[in-house]
Amino acid sequence: MLAEAPAGWSRAQRRLHWWSAGLILGGFAIAWPMVALPLDQLLAKFLLYQAHKTIGLTVLALLLWRGALRLRRGRPAWDAGLPPGQARLAGAVHLALYALMLVVPVLGYFTAATAPAQVPTLFLLVIPVPHAVGADPAAFGVLRVVHRALAILLVALAAGHAAMAVHHHRKGLPILARMWRATP
Amino acid sequence: MRRAVAMLGLLALLLGGGVPARAGETYDIDQTYGDIGFKVHHLGLFSSAGTFRRFTGRITIDQTHPENTRVAVVIRTASVAMDWENAASMLRSAPYFDVARYPDARFTSTRVIPRGPDRYDVEGLLELRGVTHSLVLHAALVGQRPSGVAGQEIADFVVTGRLRRSMFGMTADPAFISDAVDLRIDARLRLYVAARAG
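As given, the protein sequences belong to chains S and R, one line each in that order. Going by the numbering used here, the first sequence opens with residue 1, and the numbers climb by one from there. Going by the numbering used here, the second sequence opens with residue 1001, and the numbers climb by one from there.
Isolated chain R (complex conformation) (with noise of 0.2 Å):
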């Protein structure tokens, strides 16, 4: 119950409702609880997964137009981590992210289109190997709980989209490494409430 209350908070916040919260609010994603993950598959045998571990995040709430709630995202993409570390390296190179010529990948929404009362549509622009194509991410709210902080609430939502990685340049060894590349990320945003009547 105390959940959903919660979700219909941010509903509201997002919505321009009744919580009374700040307007044009601007958030940092909390890089510390979030991942910035993806998967390719292999031969529809067996997929490999793999993150990003440095991203910086910023979300500005519109409340009174909440499709034009902003989501602007910069990933360092020499941050790539995977549990092999030779394929890290690999995704390093040249017919990979390119991290020498590209070091930021960026995602800048357009359009935040909600879908339901805890999932949102994330229209936006990637810019990938300087390559830009838009994209559409599908965000669910998993999670709110109140931070410990006065004010405060923690917001934890799990992002996924899928993109082709050839649009972006990056068409290396196809046979064996799908050309989907499924997103998941788990972002968390701390946000301004003001204490709940119940």
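Here chain S stands alone, though its shape is the one from the complex (with noise of 0.2 Å):
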């Protein structure tokens, strides 16, 4: 990490933050309807099924592009304007946030590994992803239940982080234009 702060988030960072935005938002919305269908439509379960594993294993990724990036360069300081205790607070919101999307994609691998139903993850559609174990009915139980609870929570924390932005926003600090575009 370098000893002194950036003056704000690089282009990297921006655009790796609301590609994870967009990509989870979204592998969340299909998850609903792709355990929904029922099994006369197959096709597009399956389709929404790889979509969603794809979207899983690219937030998984960026997540360790962020991670790496965040790292070595670090992150700009926080906000004058912001109280202390909010600082601390939105602090953790991050730190949950980055475990969330670390955890929630890893789960699902392993839903997906242990489901009865063994359909190969294939990235893209395209690209096998082996599965690490086969299938297990208990694992399956319990993992499914706990990818899903905590994928809610992912989706959660990131909506009070968003309204907090907006929040802040309109009380004029530049915590959202910072991260939506790059500080002078």
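If you're looking for bench data, these hints aren't it; they were derived computationally from the structure. What you are looking at is a predicted structure, and each value in this text was computed from that prediction instead of being measured. Among these hints, one or two may not hold up.
[Stated by the list, open to error] So these bits of chain S aren't anywhere near chain R, every CB distance computed over 12 Å:
1. 57
2. 70
3. 80
4. 93
[As the list claims (entries may be wrong)] Going by beta-carbon spacing under 10 Å, a handful of chain S positions derived as facing chain R:
5. 41
6. 42
7. 43
8. 45
9. 115
10. 128
[What the hints assert, rightly or not] What follows is a set of in silico ranges between Cβ atoms, one per label pair, in the way DEER data are often shown:
11. R:1132 to S:124: 40 to 48 Å
12. R:1123 to S:22: 55 to 63 Å
13. S:22 to R:1108: 53 to 61 Å
Just so you know, even glycine gets a beta-carbon here, dropped at the ideal spot from N, CA and C.
Quick one: dock chain against chain with the hints and give me the complex.
This is the structure we're talking about:
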């Protein structure tokens, strides 16, 4: 990490933030119809699952990239207008978001791997991702529930994070703006 | 060497050769070890496999006219099983095996043609969902050994074949489930043979 905090988020950090946000929302949104679709619409169900898995693996890859950037480059200092208590809370939420962006895709991978329906995981529908473990109905029963609960928590925290960013933006703090465009 | 001798023994049995087996002998296919399996393909990307747990099979070996060797198998369609129970339930439903209306599927051979020392083509009729079509199965003797009972041997066959499910009116979900269904049947027979001289 640099000794001095950078003036703002780098272009890569900003892009990765918004791509992660969009992919998480998309992956979350398609999870519900994907599970609910009946078996007489197998093709659509299959495609939704593969899209969901591709999104999850992408979020995981983006997270690792973001982690590397964060370690190398650090983050800009908290905005001076942000009360210290809120900065601490925001820091805790960011940490939780990073943790969930790691844990939810990993749990999703193991949910897919242990599922009684042994459907392969095909990244972008063409690249097979090997399953490290096989079908395990007992583990699957636990994993799918925890994966779903933590995904809901991830999206809820992200929504709170976004609401606070908008709230501070309306109060004139440049917190949202500096994630949206380069800090001059 | 012993295996080769045993295979020759079975061939001789089927062809009515020197091994003194009983004429027109009827054997039950051993369900305990047998397995009727099928496999379908999805988008060319992967496949799913299942089995039928309950079936009865009978083979009658005609020594004087080996081509008249008869095989008859009745499959209980409701015994279809897959790793994922939801998929098996789907297969029992009306668009697939429709087990309520068609509880049995039947294969009855019409001709058995020896194709090599341990290979046979079994031509026959398959009745599935009330529709009957011809089907050729390829049988290979993969192992033969004494059963432990004097004068009896165990013969294991692997039978393969391919059918088009649409020919039997099973047309559901053609986009995701291949029309071609690969069959693989592991069948075990207990053959009566005379004690081998060597």
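How the hints compare with the structure:
{"no.": "1", "hint": "57", "in the structure": "holds, 17 Å"}
{"no.": "2", "hint": "70", "in the structure": "holds, 37 Å"}
{"no.": "3", "hint": "80", "in the structure": "holds, 54 Å"}
{"no.": "4", "hint": "93", "in the structure": "holds, 38 Å"}
{"no.": "5", "hint": "41", "in the structure": "holds, 8 Å"}
{"no.": "6", "hint": "42", "in the structure": "holds, 4 Å"}
{"no.": "7", "hint": "43", "in the structure": "holds, 4 Å"}
{"no.": "8", "hint": "45", "in the structure": "holds, 9 Å"}
{"no.": "9", "hint": "115", "in the structure": "holds, 8 Å"}
{"no.": "10", "hint": "128", "in the structure": "holds, 8 Å"}
{"no.": "11", "hint": "R:1132 to S:124: 40 to 48 Å", "in the structure": "holds, 44 Å"}
{"no.": "12", "hint": "R:1123 to S:22: 55 to 63 Å", "in the structure": "holds, 59 Å"}
{"no.": "13", "hint": "S:22 to R:1108: 53 to 61 Å", "in the structure": "holds, 60 Å"}
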